[in-house]
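Novice: One-letter residues, chain by chain:
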Amino acid sequence: MLNLPILRWGQPYTSLEQDQVVHFLTGETLASVSQANTGLLARDIRKAQRARDSLTAIPIPEFITIMKRAADLYLNDALPMGDGEQTPDDFARQQSASTGLPEHMSKANMKKNHFVLTNMDRILEALTRGLDLGILTRGYGMESRGVMVSYQAQAPVLGLVLPSNSPGVHTLWLPVIPMQVGLVLKPGPQEPWTPYRMAAAFWKAGVPREAISIYPGGGDVGAEVVRRTNRSLIFGGTATVERYKGDPRVQVHGPGFSKILLGDDVVDHWDSYLDVMVESVFANSGRGCINCSGIWASRHTREIADALAERLGPVEPKPPQDPQASLAAFTVPGAARAIWRTIESGIREAGVEHSTASFGARLVEKERCGYIRPTVVHCDSAEPALANTEFMFPFVSVVRCPQEEMLKKIGPTLVCSVITGEAQFQRKLIDAPNIDRLNLGAIPTIKLDWLQPHEGNIVEFLYRPRAFQMSLEAVAV
Amino acid sequence: MNVSTTVDLSAKVRQAKEQLDAHVREIVQWHFNPDTGCPFWLEYASKLDWDPRREIHRFEDLRKFTPFQDEWLRGGPVRRWVPRGLTGRPVYVFETGGTTGAPKSRVAIEDFRIDYEMFSETLPDEYFPRGANWLMLGPSGPRRLRLAVEHLCQHRGGICFCVDLDPRWVIKEIKAGHMNEMERYKAHVIEQAITILGAGHQIRCLFTTPKLLEPLAEELEQRGSSIRASGITGIFAGGTEFTPQYTRFAIEELLGPGVYLTPTYGNTLMGLACSKPVTAADGYKIAYYAPQPRAVIEVVSFEDCDRVVNYGEIGRVRLTTLTRETFIPGFLERDEGEREPACERYFWDGISAVRPFRQLAAATVVGVY
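Residue numbers (this note's numbering), protein chains in the order written: chain A, 1 to 477; chain B, 1 to 369.
No lab work stands behind these hints, which were simulated from the structure alone.
Predicted model only: the values in this text are computed from it and were never measured.
Treat the hints loosely; a few may be bogus.
[To be verified] Residues from chain B shown here face chain A by an in silico Cβ test under 8 Å; the list is partial:
id, residue
1, G101
2, E218
3, Q245
4, R248
5, F249
6, L254
7, P257
8, G258
9, Y260
10, D282
11, Y284
Just so you know, even glycine gets a beta-carbon here, dropped at the ideal spot from N, CA and C.
All chains should be built: construct the whole structure from the sequences, respecting the hints.
Specialist: What follows is the structure, given as structure tokens:
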């Protein structure tokens, strides 16, 4: 068992309150994690500027090299972890054991993080649209086109309230340190592993210790992170999204409600796109906000639902070590049952059919965890509650809806893959403000282009472009 | 602890229990005597098929009553709680809850004074000097705390300064998600406190809550001062947020040397439970002991509220109040904790690790205290 301390600007602090992270199958305690009280954060945040100062002392190009080094350390090396050490295999095993994700998916996520860190130069170039990165450090500078530009950091540190159930989200905050902004991390209770391992890799690679703090704790600590940092990125459900809506200091990553829309011009050939649909729903055990939770078409929807059920319905839970395991467990007691009850109640609504019903019970309860097998429902209109719902497992509603009504009825959609050749429909999709990431063509919703922003550009969130003029002979900085 | 100390403590525990049983008999006689009892309990007794005055001989016999429902305290007429034996005495009414709907009311005559005078004996004079002035930085209005802290201060020879603080408004703001407004209100309260502390009134002692102690210390530091530099040497505070970690943090980082912090646990119904001195050597463990025999804390099984759990086990808090003004048998509190054995200072059970009762915690809004 590991003991993970609070890290206050890199310095370990062992709390008198501990939370146990346990193996979801065996009940074995994997780690005892020090729990922060909000006052610790309130006091430490006074030193936030020191974090940024330590980072601006290192040129961004040097950070690009440090990130490549950190990438390899993270992926391949044994790293200090609390009072012990953690190998990459330990990491995958521990992350799987506490989050329910199959081990091979944990390893795949490690590779994603490695890719992002290794390609930080390309990612920053894309996110800043080719800005000379020295301008971020200096705060101003002349662009190659002869225009003075200025970018002002909006906060010395970025606060992050991280989730437990979706290890894939960590790629979002990896560019923050090379942009010379410090990190205040509040890990998810079941997933302390990535923040601690990434911090260990960063430090070993040359990131100043005082640039990173980690405060495990309850919901009050998460709220304090948001309150105390001028920029924060948080993950949560619809209620969290609503609570922080319109707050420019907070970027909320909530449910994605990602969808595939089939245009009237292609829907008669829906079976050509079945693989794209299955992959979008099923990849990474359906846990991501970019997994597809709705497939919308004007006709053939029952056939589509039946075909998806045929492919996904037979899938069964397997042990997390099994390389064929494709379903993640719900490790919070009672969570799987509660989710399944919500679905059962939705299925009883008029116009909803459970397409996977004939493939056996969906809810599988074990001693300390639960699974829900892939579930497909058919909705004969956009009205039932299940027509626009997202769950943390492979769940999809196939919704019958006339094409001309789709954009009005799909609601906020993080990723929308639309298969259509109709120019007019494409134009409307490009203009639709409720669609965040638009894929035109048979592109799985889960396919990311790392050089494009995800749910808002992190550079624009952390740096404000502003007017800047100089009439001095020379400026001191 | 050597053998003779153990024997000594056992004897004191036995003696305390005998005192408690005698006190129970006296209080039950008082509350169920038609000449001295209050209308509520006399009417209650009239519907029983047993006579409390005949059948209650010891503390455990109080289990014959069904658990006290605090809902009985909502609404009037409030006089039904005033014992006939105290007719003619000036009566206070203190409220608890009330963010929505009728608050729960408890009448009081002298109880709050007696409770706080007893508590006063536990305060070290070195840090709570006799004659020193106090600041009451906590809920005001119809709350017992407001007058009780003022009385504590006066009892010790000082004069108590107060601020206005309406916790019902704070809870409304939190429930509505108006966190900015809540923060503004908190800042307004802290501003008043800092103004009083800086006005030359020689304030040495403070009552406050964990939720207010932090921003007070923070704001003082922003202004180049500190709790200690503002003159405070003794802080009496209360609330379930008083975890060992919070207390350690407060002592190590908010207060520093020279400031004494004493956590307490209590409410309008029970009174005030004091803690054993909290020390780093003891892992900042906080164990509370009720002012027995006037009030008793039991830690009972979640499943069977008549079964006291074993020492070190977790259970729900059950309070019993036994004064001539108030009789509250077996009230199941909205908190849980670990049962603690008697100690050198208190010869009866205590409770540690107090926190909101798990089945109610999700619905509990903790405002400013």
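Novice: State for each hint whether it applies.
Specialist: Cross-check of the supplied hints:
Against a cut-off of 8 Å between C-beta atoms, the interface hint on G101 of chain B is violated, since the closest Cβ of chain A lies about 25 Å away. Nearest Cβ of chain A to the Cβ of E218 of chain B: about 6 Å, under the 8 Å cut. The hint holds. For the restraint placing Q245 of chain B at the interface with chain A, the shortest Cβ-Cβ distance is roughly 4 Å, inside the 8 Å limit, so the hint holds. This hint holds: R248 of chain B has a C-beta 6 Å from the nearest C-beta of chain A, less than the 8 Å allowed.
Look at F249 of chain B: its Cβ gets to within about 5 Å of chain A, closer than 8 Å, so that hint holds up. Among the interface hints, the one on L254 of chain B holds; its C-beta lies about 7 Å from the nearest C-beta in chain A, closer than the 8 Å criterion. The interface hint given for P257 of chain B is violated, since its Cβ lies 17 Å from the closest Cβ of chain A, which is over the 8 Å cut-off. Residue-level restraint check for G258 of chain B is violated (minimum Cβ-Cβ distance to chain A is 19 Å; threshold 8 Å).
A distance limit of 8 Å between C-beta atoms decides the matter here; for Y260 of chain B the minimum to chain A is near 19 Å, and the interface restraint is violated. Using the Cβ-Cβ criterion of 8 Å, the hint placing D282 of chain B at the interface with chain A is not satisfied: the shortest such distance is roughly 11 Å. Given the 8 Å rule on beta carbons, the hint for Y284 of chain B holds: about 6 Å separates it from the nearest Cβ of chain A.
Of the hints listed earlier, those the structure fails to meet are numbers 1, 7, 8, 9 and 10, in rising order.
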